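Everything in the sequence shown is counted per this note's numbering, starting at 1 for the first residue and increasing by one.
All the pointers check out, no bait thrown in.
In silico DSS-like cross-links for lysine-lysine, where the CA-CA straight-line distance does not exceed 25 angstroms: (1) Lys249 - Lys213; (2) Lys213 - Lys269; (3) Lys261 - Lys277; (4) Lys161 - Lys90; (5) Lys272 - Lys213; (6) Lys70 - Lys262; (7) Lys249 - Lys272; (8) Lys129 - Lys104; (9) Lys104 - Lys161; (10) Lys368 - Lys293; (11) Lys249 - Lys293; (12) Lys277 - Lys293; (13) Lys272 - Lys262; (14) Lys112 - Lys70; (15) Lys154 - Lys90; (16) Lys261 - Lys272; (17) Lys70 - Lys265; (18) Lys154 - Lys112; (19) Lys64 - Lys112; (20) Lys64 - Lys129; (21) Lys90 - Lys64; (22) Lys112 - Lys129; (23) Lys70 - Lys90; (24) Lys213 - Lys293; (25) Lys161 - Lys70; (26) Lys70 - Lys261.
Taking CB as the label site, the calculated pair distances span: (27) Thr126 - Glu192: 21 to 29 angstroms; (28) Asp349 - Gln215: 30 to 38 angstroms; (29) Pro205 - Arg38: 18 to 26 angstroms; (30) Gly216 - Arg392: 49 to 57 angstroms; (31) Arg191 - Thr247: 46 to 54 angstroms; (32) Arg268 - Phe54: 23 to 31 angstroms; (33) Val260 - Gln215: 25 to 33 angstroms; (34) Leu343 - Arg388: 42 to 50 angstroms.
These are calculated hints, taken from the structure and not from any lab test. This one's a predicted model, so the numbers in the text were calculated from it and none came from an experiment. Virtual Cβ for every residue (Gly too), placed ideally from N, Cα, C.
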Amino acid sequence: MMRRFEDARILMYSHDTFGLGHLRRCRTIAHSLVEDYRGLNILIISGATIAGAFDYRARVDFVKIPSVIKLHNGDYTSLDRHIELDETLKMRQAIIRHTAETFKPDIFIVDKEPMGLRGEVEETLTYLKAHGTTLVLGLREVMDAPHLLEAEWKRRDTMRKIEQYYDTIWVYGPPDFYDPLTELDVPPAVRERMNFVGFLQRSVPREELPGHKPQGDYILVTTGGGGDGADLIHDVIHAYQQDPELTHKALIVLGPYMPVKKREKLIRKGSKIPYIKIIEFDNRMEELIAGAKGVVAMGGYNTYCEILSFDKPALIVPRIQPREEQLIRARRAAELGLIEMLLPDEAEDPLRLAAALRALPYREPPSKSGANGLRLEGLVHISEIVGRWLDRPSSDHLNIVKKSS
Numbered sequence: 001m002m003r004r005f006e007d008a009r010i011l012m013y014s015h016d017t018f019g020l021g022h023l024r025r026c027r028t029i030a031h032s033l034v035e036d037y038r039g040l041n042i043l044i045i046s047g048a049t050i051a052g053a054f055d056y057r058a059r060v061d062f063v064k065i066p067s068v069i070k071l072h073n074g075d076y077t078s079l080d081r082h083i084e085l086d087e088t089l090k091m092r093q094a095i096i097r098h099t100a101e102t103f104k105p106d107i108f109i110v111d112k113e114p115m116g117l118r119g120e121v122e123e124t125l126t127y128l129k130a131h132g133t134t135l136v137l138g139l140r141e142v143m144d145a146p147h148l149l150e151a152e153w154k155r156r157d158t159m160r161k162i163e164q165y166y167d168t169i170w171v172y173g174p175p176d177f178y179d180p181l182t183e184l185d186v187p188p189a190v191r192e193r194m195n196f197v198g199f200l201q202r203s204v205p206r207e208e209l210p211g212h213k214p215q216g217d218y219i220l221v222t223t224g225g226g227g228d229g230a231d232l233i234h235d236v237i238h239a240y241q242q243d244p245e246l247t248h249k250a251l252i253v254l255g256p257y258m259p260v261k262k263r264e265k266l267i268r269k270g271s272k273i274p275y276i277k278i279i280e281f282d283n284r285m286e287e288l289i290a291g292a293k294g295v296v297a298m299g300g301y302n303t304y305c306e307i308l309s310f311d312k313p314a315l316i317v318p319r320i321q322p323r324e325e326q327l328i329r330a331r332r333a334a335e336l337g338l339i340e341m342l343l344p345d346e347a348e349d350p351l352r353l354a355a356a357l358r359a360l361p362y363r364e365p366p367s368k369s370g371a372n373g374l375r376l377e378g379l380v381h382i383s384e385i386v387g388r389w390l391d392r393p394s395s396d397h398l399n400i401v402k403k404s405s
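Starting from the given sequences, assemble the full structure and let the hints guide the process.
Here you go:
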């Protein structure tokens with residue numbers, strides 16, 4: 001039976017400078033929690049330019065902060081070229097703080113960036129900690145190559161701040177798959193707060209849209225947000241051009257952040273191949289993955305969870321710079337026999353990629369690998385934890401914030 005909490009509130013923060021991963025992860029957790037607990041309201045603060053293109057369940061809403069884009073060299077710029085980055089960051093910081101003050105959350109969940117983009121949530125963390133809000137840092141199971149993460153966190157004094165502010169750290173993966181803080185100097189107090197909740201299971205939306213999925217069998221090619229996905233899609237089209245025996249139907253999803261010139265070029269190239277259908281974006285990727293015979297992807301966190309959730313044979317061609325997160329995840333998953341991996345330079349060989357694409361629909365699904373890296377218990381565990389917190393006697397009307405305000 002669904003439990004009820006009167007006016008419980010969770011605030012989530014997703015900085016979203018590149019791609020859709022953070023927002024999609026927050027939305028998955030939010031939808032699962034409001035399904036489990038009546039009376040719970042969740043607000044997601046997001047910098048994603050297309051935050052409004054997704055549907056949100058009742059009692060889940062979002063606040064859009066001005067968008068900042070991450071460039072390929074790792075620098076940031078305002079989406080609105082007329083506004084200086086510093087001004088944009090000041091606006092974002094003020095909106096985040098004001099939202100926290102007026103929403104008065106019982107729990108604040110920060111996705112991946114402990115202090116937010118350029119430290120923009122630190123002030124809000126200070127405010128909420130003083131008002132008794134439970135502060136949660138949510139980390140992907142793979143953050144980046146240890147030496148890169150360590151350098152970045154040392155520069156910003158991040159580890160000390162995590163210890164200072166956060167009550168708990170959720171790692172969105174099982175402990176035996178990968179440790180996001182491996183090889184870092186982690187203080188015992190931080191290590192003790194780490195809770196490996198498991199991968200986040202995905203499911204198909206309850207109301208199916210007629211004609212949404214292609215007819216017949218198809219392999220799905222997806223690069224998530226698509227901002228850095230043009231090379232993989234070019235390589236797939238090239239493989240089809242070079243190998244006349246490659247006749248599986250392929251549905252290619254470019255992603256909303258693919259640069260316009262690259263998108264137009266790929267649509268032109270793909271339109272000459274009868275087996276390929278190209279679409280620009282779909283806000284129901286779960287349905288497309290669930291219906292596919294196999295998935296070709298770069299292996300970001302969400303796509304990987306979907307591959308496991310719907311038990312699909314997968315070929316992963318990871319991005320290897322500026323972050324090594326996809327490479328580390330793909331290597332580990334390939335080691336466990338869950339997916340097949342090709343490095344980007346291997347996928348550039350059209351005949352090698354074509355052979356992998358031809359074999360893909362006949363590959364064993366991840367569940368046949370015998371590996372236990374398939375555990376998808378994250379949403380269940382998060383729900384149990386949140387239920388225990390909201391049940392605490394100290395939160396009579398749930399929230400010290402509300403008592404003191």
